[in-house]
Amino acid sequence: MSDSEFKPVLLGRVGRPNSQSLESYKADGGYKALAKALSMANTDVIETVKASGLRGRGGAGFPTGLKWTFLPKDINGPVYLCINGDESEPGTFNNRVLIEEDPHQVLEGIVISSYATRTTTAYFYLRYEYGRCYRVLKAAIDEMYANNLLGKNILGSNYSLDIHLHRGACAYICGEETGLIESLEGKRAWPRIKPPFPAIEGAFRRPTVVNNVETMACIPHIIERGPEWFMTMGIPKDPNNPRDAGSYGPKLYCISGHVNKPGLVELPMGITARELIDKHAGGVWKGRKAKAVVPGGISMGFMSEKELDTPLDFAGPGRVGCLGLGTAAVIVIDDHTSMVDVLYNACRFFAHESCGQCTPCREGTAWSTKILERIREGRGKLSDIDLLLEISSSIGTIPGSTICGLADGAAWPMKTAINKFRPEFEEYIKSGRKSESRQLAGAH
Amino acid sequence: MPKVIVNDIEVDADPKDNCILAARKAGVEIPHYCWHEALSVVASCRMCLVEVGEKKPDGTVVMGPKLVPGCQTPIKDGTVIKTDTQKVKTSQALTLELLLLNHPLDCSICDQAGECYLQDYTYKFGKAQSRLDEPKIQREDKYHIGEQIALFTDRCVMCTRCVRFTREVSGTAELQVVARGSHEEIDVFPETPCNNKLAGNVVDLCPVGALCSKDFLYKKRVWWLKSADSVCTGCSTGCSIHIDQNEDKVYRLRPRTNPLAQGHFMCDEGRFGFKYISDERRLTKPRVSESIALSKKSNGSKAGGLGDLNFSDPWSDVLEVTRTKIKEAIKTDARGFVGVLSPFMTIEEAYLLASYLKQLDSRVRLVLGPVPMVGTDDMYPKGPKGEAPEAGKVKFTIRAEKCPNRLGVEAVLRHFEGQVISVAQVAAKADATSWYFVGGYQHGWVDESIDRGVGKPSLLIVQDLFPSPLSDRADIVLPSGSFAERDGTYVNHSGLAQTANAAVRSPADTRSDGRILMELTERKGLYNAMAIRKEIGGVIRSLAALGVGDLGENGVKLNASNREPVFS
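So the protein lines, in turn, are chains A and B.
Reminder that position 270 of the first sequence reads as 273 in the working numbering, one-by-one numbering, no gaps.
Reminder that position 482 of the second sequence reads as 695 in the working numbering, one-by-one numbering, no gaps.
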């Protein structure tokens with residue numbers, strides 16, 4: 004399927020009048036997938052999702068169906084489904100659009116997924132800043148209760164489900180699944196040590212599945228149109244790499260930064276960054292050239308201009324030294340921007356958001372920010388560059404020095420910026436000049 | 214037993230061990246801050262990162278790709294732990310450098326210096342130079358954090374041991390982490406300081422100088438302190454402790470880990486309750502009444518007037534007089550002679566006195582001194598409303614019975630007297646003519662009923678720490694030693710016999726009870742608790758377990774060894 008033939012799936016109803024209402028969702032064929040799913044055995048629903056090759060849209064790209072099968076087979080007592088709506092990766096805004104414009108699509112996915120995982124209580128964890136999302140979701144959930152789409156015996160079946168809408172309190176770390184669970188339990192959002200993984204012991208010490216909002220939005224379409232349809236989109240598995248799970252289905256790309264037309268576009272997985280910027284975002288602004296592009300939220304690191312032909316699927320960004328596809332939030336940085344300033348901004352974010360549990364992340368992110376602050380004041384030393392590299396290569400779950408991936412997210416922008424733009428850093432330090440961009444307020 | 218290979222040393226580990234414990238068995242130290250045996254695992258300091266692999270049956274070793282926290286990683290048969298690789302060393306050095314980034318390096322004025330894990334680990338695993346070229350974050354000290362504890366915020370390494378202690382052991386949850394990232398701090402809610410009865414333990418738990426005891430603050434450099442292993446005598450829990458002293462002054466008590474006794478902690482009542490031993494009101498000189506002194510003088514003693522107390526060694530004459538008086542009294546009315554053994558005495562001391570008196574005349578009565586009880590047993594962790602934990606979930610108990618050795622003294626009494634009679638029973642009958650009281654209590658123990666029951670006997674001997682109505686009118690007063698001056702054995706509430714070692718010499722002209730009784734009872738040689746313990750083991754069946762002499766650091770369970778319900 005080429006891009007020109009592609010009709011938006013997840014964003015299909017965006018822009019329709021009153022698209023948030025149950026009435027309009029039903030008029031467009033909504034909740035048919037739910038009725039179909041409820042007529043199937045729950046294991047068949049899992050098999051269907053597994054067969055579709057759907058991978059989690061939250062950042063890590065873990066196969067959704069497989070995640071569901073990790074729940075213990077014989078469960079006594081409750082299982083929980085947590086929906087991760089704590090969308091706080093810089094540059095990412097796809098969940099917001101999905102929830103604000105078409106909440107019932109997401110909620111239908113949640114009910115189907117809850118049925119598949121035998122969940123009777125689902126928690127929707129929404130970041131606090133999304134006030135409109137909260138109001139829209141609340142209204143939608145109320146409508147569902149009123150129309151037998153939630154509560155006891157949904158659509159006349161034996162299946163019952165409650166959804167609780169929970170607002171966070173403005174912390175990036177709550178997007179980490181175990182941090183989210185801790186926060187949901189009313190505790191400080193310090194990610195848990197694993198094992199046990201949430202599928203064995205999660206929220207309230209019960210087996211728990213944590214899924215992203217966009218993943219949920221895909222579920223009704225997979226049930227309705229079948230896994231084969233889903234697999235017609237995207238990049239198939241690499242036959243030479245048995246560990247590659249492929250990148251199937253539609254994906255929402257959030258484009259921001261120095262482009263003429265920032266926004267959200269839905270495309271099949273695997274479009275190249277260059278095509279995305281030129282075709283769908285109106286190119287780099289002011290007739291300039293791109294210097295660096297973030298493939299999927301700032302924690303994934305930077306691609307240089309030369310690497311823009313990398314396909315933005317789950318495997319692509321990794322091949323050019325980035326951490327992964329992440330949330331597919333593409334941030335374009337033009338050639339007038341100093342990478343020192345960009346990196347400083349990224350480091351400042353992670354120093355601010357580090358939960359402070361693990362020493363390497365707590366101190367490493369703050370230290371690197373201080374170093375970059377000093378460089379920007381014109382007092383840098385050439386040895387700082389190697390020090391930043393040393394910090395970035397020793398924090399995170401990949402070397403094994405932290406509990407969660409926040410530190411990896413902090414390390415990758417440092418690593419990729421310095422490795423790919425080292426001459427610029429050296430020139431900046433040697434010149435001893437001060438940054439021209441405004442000094443950002445202290446993080447605290 | 215799973216076999217674990219630590220840096221090429223093969224050891225037998227416990228299946229429940231983590232890598233830190235397994236490595237310890239091989240004599241390899243894995244540095245750690247946040248992990249503590251008695252608290253939950255958070256694996257957040259990342260100091261204990263090691264390389265872990267597996268030795269396959271065919272002998273090949275496959276190492277994992279990442280560093281893993283030793284505290285969180287369980288072991289199994291064939292686990293290979295490496296702590297000396299370059300990867301591990303680099304990680305340890307960097308973690309220490311990061312921990313010291315915002316640390317004020319004020320060791321010269323820090324109480325913890327000398328027993329600080331930041332110092333020790335930096336010396337062993339860290340590097341001498343920091344690469345920080347920016348100002349450090351400065352934080353306010355928090356003296357308001359508790360009545361007994363002060364927080365030097367900028368020395369904190371955020372291991373959260375203290376926070377977990379108040380949540381998991383005391384259950385009071387006063388301490389918490391506030392703010393985020395490198396700005397986070399330990400704090401309390403406004404006006405809810407950490408004043409629970411176990412609060413002092415957070416000072417011991419703190420691996421660095423962040424939480425300090427206000428009581429000990431700036432009193433003594435820890436390297437001047439000498440430590441003796443002893444037992445807390447505050448209640449019948451019998452916490453194993455270290456008594457830290459310098460020049461015969463006790464500066465602090467610290468809990469000594471003993472899984473058979475209390476575990477890892479001790480209560481503040483015991484920890485800070487030792488001050489009475491240096492109270493100026495203590496009896497300091499042996500004294501005899503004027504009438505005895507005069508009678509002795511008329512007998513032509515070589516020494517001068519006893520009433521004036523002008524002796525080169527006041528004790529030898531006093532003890533001689535005491536001995537004579539006891540023998541006289543027993544000859545006159547053996548049944549009327551009552552020896553009162555205090556539950557603060559060690560088994561050895563009780564045995565010395567009891568065996569002596571009974572050997573003089575078996576009709577002499579031996580009774581148990583008052584057993585102080587305060588309230589009810591106080592169990593932790595507390596629930597959210599301060600309620601006691603369910604049975605089986607108790608992690609620490611402060612007992613209502615405020616003495617260390619009721620069971621031990623009772624065992625001695627049962628052997629010599631056949632039963633345990635309380636002093637109150639005899640006092641009520643008022644048929645005693647001579648009394649030998651042994652005290653040693655922390656607080657006034659002579660209540661009105663005893664006072665009245667004793668009345669004005671023909672002979673009253675009091676061996677005690679503090680003046681009381683009895684000592685005021687006693688014929689002979691023998692100033693005895695506090696718990697810090699005693700050698701001997703205590704039996705706690707559960708029948709665990711533990712040895713206490715004297716930490717300090719007795720002040721002024723006082724003597725520890727053992728030394729007094731050794732000489733009084735005409736035994737040869739110096740008081741040696743272990744020798745007497747061995748003797749007791751042969752004589753008293755219910756205390757046969759003491760026959761080994763050396764009870765080890767943790768002590769010996771008496772009930773387990775003789776399976777007789779000697780202890781009620």
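Read the hints as simulated data drawn from the structure, not as lab findings.
In this text, all values refer to a predicted model and were calculated from it rather than measured experimentally.
Be aware that a few hints might be false.
[To be verified] Quick list of the computed label-pair ranges, beta carbon to beta carbon:
id : chain 1 : residue 1 : chain 2 : residue 2 : range
1  : B       : Lys337    : A       : Gly435    : 35 to 45 angstroms
2  : B       : Ser321    : A       : Arg382    : 26 to 36 angstroms
3  : B       : Asp461    : A       : Leu390    : 45 to 55 angstroms
4  : A       : Ser386    : B       : Gly599    : 36 to 46 angstroms
5  : A       : Gly435    : B       : Val275    : 44 to 54 angstroms
6  : A       : Gly435    : B       : Glu267    : 45 to 55 angstroms
7  : A       : Phe65     : B       : Gly605    : 38 to 48 angstroms
[Stated by the list, open to error] Non-contacting residues of chain A with respect to chain B, defined by C-beta distances greater than 10 angstroms in every case (computed):
id : residue
8  : Glu26
9  : Ala44
10 : Arg121
11 : Leu158
12 : Asp281
13 : Pro314
14 : Asp338
15 : Glu356
16 : Glu366
17 : Ile374
18 : Arg377
19 : Thr405
20 : Arg436
[As the list claims (entries may be wrong)] Listed below are the simulated BS3-like cross-link pairs for lysine-lysine, each with C-alpha atoms no more than 30 angstroms apart in a straight line:
id : chain 1 : residue 1 : chain 2 : residue 2
21 : B       : Lys295    : A       : Lys197
22 : B       : Lys268    : A       : Lys197
23 : B       : Lys279    : A       : Lys240
24 : A       : Lys76     : B       : Lys349
25 : B       : Lys238    : A       : Lys384
26 : A       : Lys190    : B       : Lys544
27 : A       : Lys190    : B       : Lys410
28 : A       : Lys384    : B       : Lys300
29 : B       : Lys302    : A       : Lys437
30 : B       : Lys340    : A       : Lys384
31 : A       : Lys197    : B       : Lys498
32 : A       : Lys264    : A       : Lys10
33 : A       : Lys76     : B       : Lys229
34 : B       : Lys300    : A       : Lys197
35 : A       : Lys384    : B       : Lys302
36 : A       : Lys433    : B       : Lys340
37 : B       : Lys410    : A       : Lys197
38 : B       : Lys540    : B       : Lys642
For each residue, glycine too, the CB sits at the ideal point set by N, CA and C.
Do the hints match the structure? See the list:
no. : hint                                       : in the structure
1   : B:Lys337 with A:Gly435: 35 to 45 angstroms : 40 angstroms, holds
2   : B:Ser321 with A:Arg382: 26 to 36 angstroms : 30 angstroms, holds
3   : B:Asp461 with A:Leu390: 45 to 55 angstroms : 53 angstroms, holds
4   : A:Ser386 with B:Gly599: 36 to 46 angstroms : 56 angstroms, violated
5   : A:Gly435 with B:Val275: 44 to 54 angstroms : 50 angstroms, holds
6   : A:Gly435 with B:Glu267: 45 to 55 angstroms : 53 angstroms, holds
7   : A:Phe65 with B:Gly605: 38 to 48 angstroms  : 39 angstroms, holds
8   : Glu26                                      : 43 angstroms, holds
9   : Ala44                                      : 37 angstroms, holds
10  : Arg121                                     : 30 angstroms, holds
11  : Leu158                                     : 41 angstroms, holds
12  : Asp281                                     : 39 angstroms, holds
13  : Pro314                                     : 27 angstroms, holds
14  : Asp338                                     : 30 angstroms, holds
15  : Glu356                                     : 7 angstroms, violated
16  : Glu366                                     : 4 angstroms, violated
17  : Ile374                                     : 7 angstroms, violated
18  : Arg377                                     : 6 angstroms, violated
19  : Thr405                                     : 7 angstroms, violated
20  : Arg436                                     : 18 angstroms, holds
21  : B:Lys295 with A:Lys197                     : 21 angstroms, holds
22  : B:Lys268 with A:Lys197                     : 23 angstroms, holds
23  : B:Lys279 with A:Lys240                     : 27 angstroms, holds
24  : A:Lys76 with B:Lys349                      : 52 angstroms, violated
25  : B:Lys238 with A:Lys384                     : 46 angstroms, violated
26  : A:Lys190 with B:Lys544                     : 75 angstroms, violated
27  : A:Lys190 with B:Lys410                     : 25 angstroms, holds
28  : A:Lys384 with B:Lys300                     : 27 angstroms, holds
29  : B:Lys302 with A:Lys437                     : 37 angstroms, violated
30  : B:Lys340 with A:Lys384                     : 21 angstroms, holds
31  : A:Lys197 with B:Lys498                     : 65 angstroms, violated
32  : A:Lys264 with A:Lys10                      : 20 angstroms, holds
33  : A:Lys76 with B:Lys229                      : 27 angstroms, holds
34  : B:Lys300 with A:Lys197                     : 22 angstroms, holds
35  : A:Lys384 with B:Lys302                     : 26 angstroms, holds
36  : A:Lys433 with B:Lys340                     : 29 angstroms, holds
37  : B:Lys410 with A:Lys197                     : 34 angstroms, violated
38  : B:Lys540 with B:Lys642                     : 23 angstroms, holds
In the structure shown, a violation is registered for the earlier hints numbered 4, 15, 16, 17, 18, 19, 24, 25, 26, 29, 31, 37, in ascending order.
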